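Residue numbers (our numbering), protein chains in the order written: chain E, 1 to 295; chain C, 1001 to 1313.
Rather than coming from a laboratory, the hints here were simulated on the basis of the structure.
Please read these numbers as outputs of a predicted model, since none were measured by experiment.
Just to be clear, a hint being listed does not mean it is correct.
Below 20 Å or equal to it, Euclidean Cα-Cα: the simulated SDA-like pairs (lysine to any residue) are [unchecked claim]:
{"id": "1", "chain 1": "E", "residue 1": "K158", "chain 2": "C", "residue 2": "R1050"}
{"id": "2", "chain 1": "E", "residue 1": "K158", "chain 2": "C", "residue 2": "Y1047"}
{"id": "3", "chain 1": "C", "residue 1": "K1134", "chain 2": "E", "residue 2": "S142"}
{"id": "4", "chain 1": "E", "residue 1": "K134", "chain 2": "C", "residue 2": "R1097"}
{"id": "5", "chain 1": "E", "residue 1": "K280", "chain 2": "E", "residue 2": "K134"}
{"id": "6", "chain 1": "C", "residue 1": "K1313", "chain 2": "C", "residue 2": "P1272"}
{"id": "7", "chain 1": "E", "residue 1": "K158", "chain 2": "C", "residue 2": "E1085"}
{"id": "8", "chain 1": "C", "residue 1": "K1134", "chain 2": "E", "residue 2": "W132"}
{"id": "9", "chain 1": "C", "residue 1": "K1134", "chain 2": "E", "residue 2": "N131"}
{"id": "10", "chain 1": "E", "residue 1": "K280", "chain 2": "E", "residue 2": "Q213"}
{"id": "11", "chain 1": "E", "residue 1": "K158", "chain 2": "C", "residue 2": "D1024"}
{"id": "12", "chain 1": "E", "residue 1": "K134", "chain 2": "C", "residue 2": "P1098"}
{"id": "13", "chain 1": "C", "residue 1": "K1228", "chain 2": "C", "residue 2": "E1085"}
{"id": "14", "chain 1": "E", "residue 1": "K158", "chain 2": "C", "residue 2": "G1072"}
{"id": "15", "chain 1": "E", "residue 1": "K134", "chain 2": "E", "residue 2": "M159"}
{"id": "16", "chain 1": "E", "residue 1": "K51", "chain 2": "E", "residue 2": "Q213"}
Where chain E lies over chain C, by a calculated footprint (3+ residues, C-beta under 8 Å) [as the list claims (entries may be wrong)]:
{"id": "17", "stretch": "1087 to 1095"}
{"id": "18", "stretch": "1145 to 1153"}
A short, non-exhaustive set of chain E residues, derived as facing chain C with CB atoms under 10 Å [what the hints assert, rightly or not]:
{"id": "19", "residue": "D129"}
{"id": "20", "residue": "M130"}
{"id": "21", "residue": "K134"}
{"id": "22", "residue": "G135"}
{"id": "23", "residue": "F138"}
{"id": "24", "residue": "G150"}
{"id": "25", "residue": "S162"}
{"id": "26", "residue": "D163"}
{"id": "27", "residue": "D243"}
{"id": "28", "residue": "L287"}
Glycine included, each C-beta is placed from N, C-alpha and C at the ideal position.
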Amino acid sequence: MVKQKFSLKTINSPDAPLLHMGDGTEVDVSELEEMARRCRVDIVKMTHAAKSGHPGGSLSAIDCMVAIYGTCLRFDTSNPDWEDRDRFIMSKGHASPAMYSILHQMGVLDEDDIMGFRTLGSVCQGHVDMNWTKGVDFSAGSLGMGLSFGLGCALSAKMDSSDRRIWVMLGDGETQEGQIWEAAMAANYHNASNLRVIVDRNRIQNDDFMDVQMEIGDIGEKFRSFGWTVKEVDGHDMSSLVDVVDWANSEDEGPVAIVANTIKGNGVSYMENNPSFHGKAPDDEELRIALEELS
Amino acid sequence: MSAPSSGGASRDGYGKGLLRIAEDPRVVVLEADLGKSTKSCHFRDEYPDRTVSLGIAEQNMMLVAAGMASSGKIPFASTFAIFTERAFEQVRNGIARPGLPVHICGSHGGIHTGTDGSSAQSIEDLAIYRTIPKMTVINPCDDISAEELTSQLLELNGPSYMRTARNKVPRMYEDGSKLRIGSGSVLREGGDLAIISCGVMVGVSISAAEALSSEGISCTVVDMHTIKPLDVELIAKLSESCGAFVTAEDHSVIGGLGGALSEWLSTNTSTPLEMVGVRDNFGQSGGSSELMELMGLNEAGICEAARRAISRK
């Protein structure tokens, strides 16, 4: 295990240097794993309370998000609107519980906020919304749009000569949208070297498994064909995720994509690889089991 | 006002307007291969570092613009009016919902576009953008007003759609004319009827008003360049003073300027309204004036509508 050098709070601050582990930064993987566990607890609790929402794709995405927020994303929890922050664009906006759980664990949202998920007037809207939630950089909900938005952020950062980085999380299902590939083409053409994509490759979409609905094939190869640099990773192995995020941050030649092979519903046995829990909340008994498994 | 001079296509005014506000470093221009047509090309020539070419990919362009707006830029994204519609949901969800100041310009709007045929003649753009909350919707009538209104978009802290026309029409304004987004411009005053028009139909409305005056019908003519928010104060005033309206637009009679006026009038007054516009029909190839005659978007169409409106007082 690597010795901790920076706390999460220190990394996510305006004063943090532009980090990557190759610079000698040290992170405690077990601390990140514990944060991901706490996020998973939040995800099942808030969807249970709301009696709706998307736990499956939140649980598949959460390790990737913790690896990014926990090691490199410069983001001031006391000033979420800091204009030179790195951006995290949650394109798969239905996995909003994952986003809210991160913001909760970082102290931007409180327990009441996340437990109000999907209720009238709540800062935690059904799909992530930049106008409702501090710390959310993109209003999602309609798939296929986040990469284009991230590209706009990346081009602006370059025009401003800012070193801020733009991370975009895509679902694998939404790569069926043509706009993703319009953006992939444009990002390479404009040499968006400050743009990083991470694809949550859980192989399940709303109705069923992707190979039943519309299998897209080798997503990494498709990004490569548009000129991107690509790596694949086990999306639930925190050490590997930390390494690949570090690698992405050290790349400065054009846009970078990480295809993270994940399991939908990861961490809750009855949700794992189960299309039913794409958009269904756990009931009381299911919550009890989930919390037991996550304890 | 003085007699109209000739020679202004509103798309040229858009191009000049961009140059007028280019000094502001927040202004960026996004193109989808049609910069030479929309006239954003002049900005590109002068400011290539602040011009982003997105290729023939309008959906991506709208969200790239949104991302740039969220990063402090003021993006102006243009293509043909009809191709902005391809990205309608991107505009609705990605730009308008978060209220980002992205300014979309759709050129080649309306039947007036002519020989390209019906695929290029957007007759529904004003209607669809008008339905989106927070959107400002503008259709200037000539190059001078288009330049002025484009430059005013810099101060508009929200999304907008501006339709421009491909072809030249008589100028309605002189350089330095005062007009404001959200305020209809009264170009001619009369007490029997108000003709509320926008875009290329403003000049036709002035001609119709002159023809009607020889019949003893005295008309007010308004350039309602801003379709949303509608200048209802002016409409209320004219409802009192004129007591009858005609709308004239190179757009479907469903949901555009006529639709906007009828929504307000029918819920607030009993003042009669007649609409001149495209009667739920697609266009075809042909010269601008030939097509406008064919579709009834002409002086005779406005005069007939005026007589009907007055007879319903």
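Results of checking the hints against the structure:
no.	hint	verdict
1	K158/E - R1050/C	holds (11 Å)
2	K158/E - Y1047/C	holds (15 Å)
3	K1134/C - S142/E	holds (19 Å)
4	K134/E - R1097/C	holds (16 Å)
5	K280/E - K134/E	violated (26 Å)
6	K1313/C - P1272/C	holds (6 Å)
7	K158/E - E1085/C	violated (29 Å)
8	K1134/C - W132/E	holds (16 Å)
9	K1134/C - N131/E	holds (14 Å)
10	K280/E - Q213/E	holds (19 Å)
11	K158/E - D1024/C	holds (17 Å)
12	K134/E - P1098/C	holds (13 Å)
13	K1228/C - E1085/C	holds (18 Å)
14	K158/E - G1072/C	holds (13 Å)
15	K134/E - M159/E	violated (25 Å)
16	K51/E - Q213/E	violated (26 Å)
17	1087 to 1095	holds (count 4)
18	1145 to 1153	violated (count 0)
19	D129	holds (8 Å)
20	M130	holds (6 Å)
21	K134	violated (14 Å)
22	G135	violated (14 Å)
23	F138	holds (8 Å)
24	G150	holds (6 Å)
25	S162	holds (9 Å)
26	D163	violated (14 Å)
27	D243	violated (28 Å)
28	L287	violated (32 Å)
In terms of the numbered hints stated before, the structure departs from hints 5, 7, 15, 16, 18, 21, 22, 26, 27, 28, listed from lowest to highest.
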